[in-house]
Amino acid sequence: MANDKLQIKKLHALSSENRKFTFSLPLKHSIRIGKRDYEVKLKSDEKLGPYILWKNRKYPVEIVRSRQNKYEILFNDISYTFTVETPFSLQRKIVLDSKRGKVEQEFIKAPMPGKIIDVLVREGATVLRGEPVVILEAMKMQNEILSPVNGVIMKVYARANTNVMKDDLLIEIKVS
Amino acid sequence: MKIKRILIANRGEIAVRIMKTARLMNIETVAIKTAVEPNAMYLSSADVIFDNTEDVSEIPVFLDIEKLIAIALKTNANALHPGYGFLAENAYFAQKCIDSKIIFIGPSPDAIYKMGNKTIARKIALASGIPMAMGSEGNIANEEEAVLIAEKIGYPVIIKAASGGGGRGMRIVRKSDEMEKLFIIASKEAEKSFNDPSVFIEKYIENPKHIEFQILGDTKGNVIHLGERECSIQRKHQKLIEEAPSCALDDNLREKMGTMAVQIAKAVDYYSAGTVEFLLDSDKKFYFMEMNTRIQVEHPVTEIITGIDLIEQQIRIANGEELKYRQSDIKLSGWAFECRINAEDVQAGFAPDPGKIISLNMPSDACVRVDTGVQAGSSIVASYDSMIAKLIVKGKDRKDALKNCKMALDKVWIKGTKTTLPFFRMLVRHPKFQDGSFTTAFIEKDLEKFYFNSEYEEMLAAWLATKLFIEENLTDESINIDFEHGKEMSPWLLNKRINQF
Chain A
0 MANDKLQIKK LHALSSENRK FTFSLPLKHS IRIGKRDYEV KLKSDEKLGP
50 YILWKNRKYP VEIVRSRQNK YEILFNDISY TFTVETPFSL QRKIVLDSKR
100 GKVEQEFIKA PMPGKIIDVL VREGATVLRG EPVVILEAMK MQNEILSPVN
150 GVIMKVYARA NTNVMKDDLL IEIKVS
Chain B
0 MKIKRILIAN RGEIAVRIMK TARLMNIETV AIKTAVEPNA MYLSSADVIF
50 DNTEDVSEIP VFLDIEKLIA IALKTNANAL HPGYGFLAEN AYFAQKCIDS
100 KIIFIGPSPD AIYKMGNKTI ARKIALASGI PMAMGSEGNI ANEEEAVLIA
150 EKIGYPVIIK AASGGGGRGM RIVRKSDEME KLFIIASKEA EKSFNDPSVF
200 IEKYIENPKH IEFQILGDTK GNVIHLGERE CSIQRKHQKL IEEAPSCALD
250 DNLREKMGTM AVQIAKAVDY YSAGTVEFLL DSDKKFYFME MNTRIQVEHP
300 VTEIITGIDL IEQQIRIANG EELKYRQSDI KLSGWAFECR INAEDVQAGF
350 APDPGKIISL NMPSDACVRV DTGVQAGSSI VASYDSMIAK LIVKGKDRKD
400 ALKNCKMALD KVWIKGTKTT LPFFRMLVRH PKFQDGSFTT AFIEKDLEKF
450 YFNSEYEEML AAWLATKLFI EENLTDESIN IDFEHGKEMS PWLLNKRINQ
500 F
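Chains A and B, in that order, give the protein sequences. So in numbering that gives the first Met the number 0, spot 172 of the first sequence is number 171, and the numbers just go up one at a time. So in numbering that gives the first Met the number 0, spot 163 of the second sequence is number 162, and the numbers just go up one at a time.
Be careful, since some hints might not be right.
Said to hold, decoys possible - As a list, the in silico DSS-like pairs of lysine-lysine whose alpha-carbon atoms are at most 25 angstroms apart:
| hint | chain 1 | residue 1 | chain 2 | residue 2 |
| --- | --- | --- | --- | --- |
| 1 | A | K42 | B | K410 |
| 2 | A | K34 | A | K69 |
| 3 | A | K165 | B | K414 |
I should point out that these hints are in silico values taken from the structure, not numbers from a laboratory. Since we're looking at a predicted model, the values are computed, not measured.
Could you build all of it, start to finish, from the sequences and the hints given here?
The following block contains the structure:
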């Protein structure tokens with residue numbers, strides 16, 4: 000009865016903040032809170048689009064991205080990212096994560112599309128946490144991009160008067 | 000009525016708003032169709048559409064003085080409304096309109112110029128006996144001078160653009176070694192935004208409330224105020240929610256501040272609608288900040304509590320009519336909030352999130368007014384501001400209005416871009432917002448989380464992710480799981496690998 004052993008009994012949805020939500024299979028259309036099961040309905044309305052009905056309230060939902068086992072979901076206008084893991088893949092992930100070393104580099108990326116107005120640091124310079132490193136103009140506002148760490152500037156990718164897309168690499172910092 | 004046809008030198012919700020009142024007054028309107036937004040909603044409110052889609056110029060038409068004048072003349076518009084932003088506070092533009100026999104619906108070029116230049120405005124306020132924060136006499140030449148003056152008035156100080164507004168060219172400096180960097184940033188930003196690098200310095204008032212008075216003046220010299228708005232909830236000097244009246248003012252203080260606001264308006268022979276902004280500190284001392292010589296984004300909250308249509312008043316005043324209200328006719332009743340729903344990602348530090356609005360559903364309750372320039376299918380384009388809609392909610396008092404606001408926020412459904420809705424849903428539940436003790440430092444100091452989600456929302460989202468995963472991968476509960484890079488891998492193999500580590 001090898002087939003029985005292959006049966007997956009539950010799935011874990013792991014949030015980007017490492018919170019784990021476990022659901023047993025087959026997936027029930029209800030969630031247990033305390034001693035009561037509350038029905039969850041995934042529905043769609045011509046005018047409102049897809050929504051989840053829960054405890055007599057409608058919550059708008061949207062699938063922003065799904066890649067392999069990674070899902071970004073917009074639920075009531077807030078986005079959540081989950082990786083859905085089987086008990087096996089979860090165990091593997093834990094082992095892999097523990098083998099990975101401590102992060103020593105910090106990559107500063109453009110938080111939004113815009114234009115680089117000024118680069119305030121040079122390669123080799125020391126920066127403190129909270130210090131502005133780049134000025135990015137987007138939608139009529141000039142935004143100071145701050146260093147999230149104390150460290151030394153390894154590489155400056157940002158160039159003044161150039162346009163950048165969201166998530167473009169601006170600065171690489173060696174954390175000290 | 001002299002005014003027969005108004006060219007709307009603006010776009011978005013304010014264009015829609017102006018045209019709505021013009022229609023009620025039987026005045027025709029002209030809207031400009033641009034290549035950036037050829038299907039914009041405001042175009043459907045206009046009587047005449049001027050097609051400017053073939054314009055290949057670098058600068059937007061709403062900033063092009065010569066072209067706007069030419070369009071007004073070509074379309075036989077004998078008046079022009081500038082809305083807010085763009086050229087609304089450009090004295091040269093107002094003068095050009097007058098020179099071309101086009102009625103400019105706004106104050107005189109002289110008043111725009113004087114109040115637009117913050118150093119001149121400071122001098123006028125000082126001469127009129129308006130309380131003000133200590134500051135530099137005029138503009139500051141360089142960072143050395145800035146350090147000297149800051150030391151004299153004491154840190155913290157704020158650097159402001161002389162021609163500024165809206166937070167651009169503004170920086171708070173807390174100690175002298177920050178001055179050089181911040182002075183340069185502020186000056187550069189001022190030059191880029193306002194074509195004028197000059198900046199001045201003021202004592203920075205810590206944790207104040209932002210209180211502004213709505214002014215109405217006519218060309219006969221009558222000036223009244225329509226009470227205050229509180230706009231303390233700001234992020235980087237951008238207002239997020241406004242309310243009228245303010246719970247920080249009693250009748251006594253309202254009269255005192257209102258009188259001062261009228262006084263400074265009279266000092267520049269002000270007519271049309273305008274706003275005098277003050278900072279109010281924790282000792283209830285107030286300081287003149289600046290005067291805005293335009294209709295403001297947050298004007299609807301004043302309209303709700305006074306019952307006066309401010310656009311109508313602007314048009315009547317521009318038409319040469321005398322104000323039909325005296326100060327004693329102005330009675331404030333009820334309470335109103337305005338939430339600026341923007342296409343911004345609250346979870347990513349309010350980063351703009353331009354895109355196409357797929358669906359837009361707003362509440363239709365009697366206590367709700369929605370001012371918007373977008374509908375389903377519209378795009379929020381990166382070249383303009385990120386506003387989707389203003390959700391204006393009233394109640395009989397603050398508590399009632401807040402309750403209605405909470406209800407209305409849950410009824411707004413916008414799909415297509417991320418919005419500031421989760422921020423407002425958090426705000427209306429925050430004890431400091433509820434009790435009115437918030438200041439302009441609220442977002443920076445009092446908030447740990449910028450959005451609201453109820454206890455089980457993340458769990459429900461996790462359930463949905465799991466459901467999607469099952470539908471995509473576990474057909475008939477078997478195990479065709481796409482683990483990495485599209486390769487099929489059996490859990491047995493995976494397990495073996497784990498054991499090898």
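### Message
So if I understand the rule, the pair passes when the alpha-carbon distance is 25 angstroms or less; does K34(A) with K69(A) pass?
### Response
Status violated; Cα separation ~31 angstroms.
### Query
Is K165(A) within 25 angstroms of K414(B), Cα to Cα?
Holds, at roughly 20 angstroms.
### Query
Would the pair K42(A) and K410(B) pass a check requiring their Cα atoms to be no farther apart than 25 angstroms?
Between K42(A) and K410(B) the Cα gap is close to 17 angstroms, so the pair holds against 25 angstroms.
Checked against the numbered hints above, the structure breaks only hint 2 and satisfies the rest.
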